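Visitor: The lines below spell out each chain.
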Amino acid sequence: MIGPVMIEREIDARGSHCPGPLMELIRGLKSAQEGEVIAVISTDLGSNTDIPLWVQKAGNELVAVEKLDAEATRFVVRKHVRA
Amino acid sequence: MFGHKHPEQPEMISTSPGAIQPATANRLAIVLFSGTIDKLISASIMATGAAAMGMDVEIFLTNWGALAFRKDDYKTNQRVSQDYADYQSYLLEQMAAKHVTSWMENLEGAKEIGNVHIAACSHTMTLFDLQLTDLEPIVDEVTGVAAFIERARDSAMSLYI
Chain A
57 MIGPVMIERE IDARGSHCPG PLMELIRGLK SAQEGEVIAV ISTDLGSNTD IPLWVQKAGN
117 ELVAVEKLDA EATRFVVRKH VRA
Chain B
612 MFGHKHPEQP EMISTSPGAI QPATANRLAI VLFSGTIDKL ISASIMATGA AAMGMDVEIF
672 LTNWGALAFR KDDYKTNQRV SQDYADYQSY LLEQMAAKHV TSWMENLEGA KEIGNVHIAA
732 CSHTMTLFDL QLTDLEPIVD EVTGVAAFIE RARDSAMSLY I
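Sequence order for the protein chains is A and B.
Every letter in the first sequence is one number past the one before it in our numbering, and letter 71, counting from 1, is 127.
Every letter in the second sequence is one number past the one before it in our numbering, and letter 40, counting from 1, is 651.
Keep in mind the hints are simulated off the structure, nothing from the lab.
There may be inaccurate statements among the hints.
Computed list of lysine to any residue pairs in SDA-like fashion (alpha-carbon distance at most 25 Å, straight line) [to be verified]:
#1 A/123 x B/711
#2 A/113 x B/707
#3 B/722 x A/73
#4 B/709 x A/126
#5 A/86 x B/682
#6 A/113 x B/682
#7 B/686 x B/666
#8 A/113 x B/653
#9 B/682 x B/750
#10 B/709 x A/99
#11 B/722 x A/70
#12 A/123 x B/722
#13 B/682 x B/725
#14 A/86 x B/725
#15 B/686 x A/80
#16 A/86 x B/715
#17 A/113 x B/763
#18 A/113 x B/728
#19 A/86 x B/657
#20 B/709 x A/124
#21 A/113 x B/666
#22 A/123 x B/660
#23 B/722 x A/80
#24 A/113 x B/709
#25 B/722 x A/95
#26 B/722 x A/114
#27 B/722 x A/89
The structure displayed is predicted, hence computed values, not measured ones.
Please model the complete structure; the sequences and the hints are all you need to start from.
Guide: As structure tokens, this is what we get:
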């Protein structure tokens, strides 16, 4: 069961081009605490492939991918907690 | 001719200082030869993607690639490869309209998130009377070609741009 998710910060990267939204997400997570949830909104089509790939590769958790409208998608990511 | 005696197998003479390394290092090596923005943008995005995906990036600036890193040059560089010259105004218009980040900003971002090393070719530097201090601070050092080859030889990916 997935409980409610508290989004600590939302980055609006609409209009930013590949790999801009991914870079914004990486920067955002870098300054976030472990376990914190960050969202990034992107209108770049590359984000649909790149953000889930990066999130998995970097060991974070993709909490949700939400289509906001015809152009924009919101990616909700939880920063990994190191054991 | 048919009776020609097959020459003896020449003795292998190796001057190599080390054994050949398999291409397994998690590193992207780029020879950046071009100084036109269409190619600089491509190189900077490739470097950023590799850095984001956890690869080290080694960039070697030669010829026009090195000149493009002269201090402040990127602020006015609007060169496009000759083959695509007819696209120049279209490219510049679109970049301005869509607020595309400059290739220099892309590289700065790549350095910020990953292990990106940029070296300028000493041959080019000598040819054009340049010192490291004449280049943008993003350039780490001036090296010879052998230093780049040594860092590139086991890289999983290599690009010549």
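Visitor: Take the hints in turn and mark each one as holding or not.
Guide: Quick rundown of the hints versus the structure:
no.	hint	in the structure
1	A/123 x B/711	holds, 23 Å
2	A/113 x B/707	violated, 33 Å
3	B/722 x A/73	holds, 18 Å
4	B/709 x A/126	holds, 18 Å
5	A/86 x B/682	violated, 30 Å
6	A/113 x B/682	violated, 36 Å
7	B/686 x B/666	violated, 28 Å
8	A/113 x B/653	holds, 23 Å
9	B/682 x B/750	holds, 10 Å
10	B/709 x A/99	holds, 12 Å
11	B/722 x A/70	holds, 23 Å
12	A/123 x B/722	violated, 31 Å
13	B/682 x B/725	holds, 23 Å
14	A/86 x B/725	holds, 12 Å
15	B/686 x A/80	holds, 23 Å
16	A/86 x B/715	holds, 21 Å
17	A/113 x B/763	holds, 23 Å
18	A/113 x B/728	holds, 22 Å
19	A/86 x B/657	holds, 21 Å
20	B/709 x A/124	holds, 21 Å
21	A/113 x B/666	holds, 11 Å
22	A/123 x B/660	holds, 24 Å
23	B/722 x A/80	holds, 14 Å
24	A/113 x B/709	violated, 30 Å
25	B/722 x A/95	holds, 23 Å
26	B/722 x A/114	holds, 17 Å
27	B/722 x A/89	holds, 22 Å
When each numbered hint is compared with the structure, violations occur for hints 2, 5, 6, 7, 12 and 24.
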